[in-house]
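Given the structure of chain A, go ahead and fit chains B and C onto it with the hints provided.
Residue numbers (the working numbering), protein chains in the order written: chain A, 1121 to 1384; chain B, 6 to 302; chain C, 203 to 517.
If you're looking for bench data, these hints aren't it; they were derived computationally from the structure. Treat each hint with caution, since some may be false.
As the list claims (entries may be wrong) - Distance condition first, Cα-Cα at most 20 Å in a straight line; then the derived SDA-like pairs of lysine to any residue:
(1) Lys-1206(A) with Leu-1267(A)
(2) Lys-289(B) with Pro-311(C)
(3) Lys-285(C) with Arg-492(C)
(4) Lys-212(C) with Arg-1246(A)
Said to hold, decoys possible - Rough simulated footprint, nothing fancy, chain B against chain C, three-plus residues with beta-carbon under 8 Å:
(5) 209-221
(6) 267-278
(7) 293-303
(8) 324-336
(9) 399-412
Only a predicted model underlies this, so the values are computations on that prediction, with no experimental measurement involved. Note that the Cβ used here is the ideal one computed from N, Cα and C, for glycine as well.
Listed here are the chains, written in short residue letters.
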Amino acid sequence: MTGTNNTASQHLLDMQNVSIVFGGLRAVSNVNLYIDKGELIGLIGPNGAGKTTAFNMITGVYVPTEGDIYFDGKLVNGKKSYQVTKMGMARTFQNIRLFSELSVIDNVKIAMNMHIRYNLPEAILRVKKYFTQEAEVTKRALDLLKLFHLEQHADDMAKNLPYGAQRRLEIARALATEPKLLLLDEPAAGMNPQETKELMEMIRWIRDNFHIAILLIEHDMGLVMGVCERIYVLEYGFCIASGTPEEIKHNKRVIKAYLGGEAS
Amino acid sequence: MDSGFMHQFVQQLINGVSLGSIYALIALGYTMIYGILKLINFAHGDVYMLGAYIGFFCTSMLKLSFLPSILVAMAGTALAGMIIERVAYRPMRNAPRIAILITAIGVSFFLENAMILFASPQPRTFPAVFTATVYHFGALVINSQQIVILVSAIVLMIALTYIVNYTKIGKAMRAVSFDADAARLMGINIDFVISMTFALGSALAGAGGVLVGIYYNSIEPLMGMVPGIKAFVAAVLGGIGIIPGAMMGGIILGVVEALVSGFLSSTFRDAAAFAILIIILLYKPQGLLGKNVREKV
Amino acid sequence: MNSLRKADLKALIAAAVLFAIIYGLLQADVIGAFWELNLVLIGINIILATSLNMINGYTGQFSIGHAGFLAVGAYVGAIMTVKLGFNMVAALLAGTAAAGLLGFLVGLPTLRLNGDYLAIATLGLGEIIRICILNIDYVGGAAGLMGIPRLTSFPLVFWIMVAILFFIKNFKNSAHGRACLAIRENEIAADTMGIDTTKYKVMAFTLGAAFAGTAGVLFSHYFFIAHPASFTFMRSFDILTMVVLGGLGSMTGSVMGAVVLTFISAALADFPQWRMIIYSLTMIILMLYRPQGLFGSKELSLQMFQSLKIGGKKK
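Pulled out of the complex, with its shape left as it was, chain A reads as follows (with noise of 0.2 Å):
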């Protein structure tokens, strides 16, 4: 524990020394990673490397055993998961975890629920307030269906969609809680190579239009070098090399990582 730097973070998000043990398995050990405002950054490894438990720590869902994790100078080890979500982090999910038996557009007012300000008793008796912000989520959540292209199917039940429209609403619906830094958990899986390829535009018009940070997690080296500015690897809970896409392509341990690894 010794070293850790305990002064406020100056970046969006930084992981410090950050380690997780599992029984005795240690999932994660003493990672450092840290994203700035509005960069696109890939998080990559082979199957098991831990990139999904470092994502459920920065997230809150589980707490690091070892090390601080900060967002916007905040302490988060320790914060449930929706006060992360309300810190301003939102992601999506390796399985998609749509509601699914809900409409599509309710899908996204849900994620919209933190900013609406009418209280219970206003929303019983139906008091003026409640009409209005109504009105305004309902449109917000139709603006956001219509960037993904999804305003067709805004009554559909979610589990009707087609995959890749599934994947497309799961971001959405991340989006709607208005975060400064977005997480993707491997939204590529699933995907045939132009799927794949759209997706990568999607990814960086998001966050030029967004204006926000973008943590991307990939097992697929070519969507990652593809898109992000910045990238770390993981192999077996350490983080063994980080860089720009170039330097990591040329990195020997990258490259025995994967190539010795799992060739693919």
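Just chains B and C now, with coordinates in the frame of chain A:
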């Protein structure tokens, strides 16, 4: 005074273990069925009632002795369990779980009221199949019924442990409860295994019914309601789906109830059982022998 | 925004018409005492079923201890009128508040549990409440609390029921209601969307318990007595069955479930031996052939009737 307390304590312990071993027999069926179908089979307590009535029929009408009576009761309830599964639960295997639960409650109501219709709601006196001998160990009292209950329960539990761990059908049961789809792909006949699980679990409950008839000398159509719920509590206490857990949970529950009715008040007995349940659920929801599983994100 | 208010108004008018018809029939003695009693019972059961649906259907938290909160309302309300000499309004408020408070206190720790564990814990809680009442001599113990004045009437039950239905409908169509639905659909995702899942689970549980308390006050002030035997887990199962039968997550479904089951039960009152057998077989058969309940999670609405009419005309 002090020895008086100890004596009372040990006496209640003896009463508790014999009552608890009956809970354990019912809890075993609950836990096996839950393990394999993830269904709280609310009708299980009524299968136990059915066992008591079959035992009553054998002993009072057919004048059979204890061993054939309990065997007939076990066979009868095994058959009943298989029929219930086949008719009410199998068609609903892919239905929402809550719908199956409602079906189970429906089956429970049905069994209770069918028995009221056929055998009248009046309690029946269970004939004494054993000459009630009371053994004194110093100041402690153990009667022959308690010994019979304990010995029968132990024999049945050993038999069940053997079946589950060392026979082909037992292995198949464990496989299906671990991962039904994988078991199917390995060529296990799931329907047959589930059927056998119901048969085994129900037979144990049936045996429990006969034993309780012997213990209390009285049976009635609604006798399964409360012990049924309590046996489920016992199963949860030990860790649902875990066979040794059900045995342990049953015994613990029986002992606690005996101690509460012995030292506090018998009206609080039932509340004690549920209070323990809630404490366990809050501090160790997976039960005493259960492992902690968390959902993967 | 106006259309929403219009729909509310239409529903209110429909309720008033329904009330006028039933009340007229009651006044003209077309509906006798037996069915009047069952109409009151239907109203109480509708409150119970729709409030349980808030917990089980909207929020997805499997509770089967509703009879416990019903009991608290019944007894606290009766204490207010019988022992302390307050009027019915005070009894209703106190019974509702007491059940709600208890719901809050037990919901806070237990709602961390999920699925079957929560189910069995709530079942246990309901039984503990009943057994505690059984042991309090102040409220009559096992003999029950007797001599409760009949302060519940059909109009009172009807309009309280309508008010609660409006409450629940508006709740579902608010940000709070959506938060509950999100928890039902996927708790982890709801959490990461910034929803304090514990808060909303406890909220739904507290409100559901409070309304069960309201139903309890109405119940004990209609039947002259509050008796522990009326609040066993069988009663909880009864309410749960209404909810599931109507369609989990559908308020109108819960209403229909309460109406149908109370009606079946009343219609079979002359055949006591066969009554419960037919009742239980109905339950099993309905679940076998329609496991999602009569309405699924959909709401019955005027639009549905209109679309049916249009569909009919086209043919």
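Tested hints:
1. Lys-1206(A) with Leu-1267(A): 23 Å, violated
2. Lys-289(B) with Pro-311(C): Holds. Lys-289(B) to Pro-311(C) sits at ~13 Å (cutoff 20 Å).
3. Lys-285(C) with Arg-492(C): 47 Å, violated
4. Lys-212(C) with Arg-1246(A): Answer holds: Lys-212(C) to Arg-1246(A) is near 16 Å, not above 20 Å.
5. 209-221: violated (count 0)
6. 267-278: Not satisfied, violated; 0 residues make the cut.
7. 293-303: Violated, because only 0 residues of the stretch 293-303 of chain C bring their Cβ atoms closer than 8 Å to Cβ atoms of chain B.
8. 324-336: holds (count 8)
9. 399-412: violated (count 0)
The earlier numbered hints that this structure contradicts are 1, 3, 5, 6, 7, 9.
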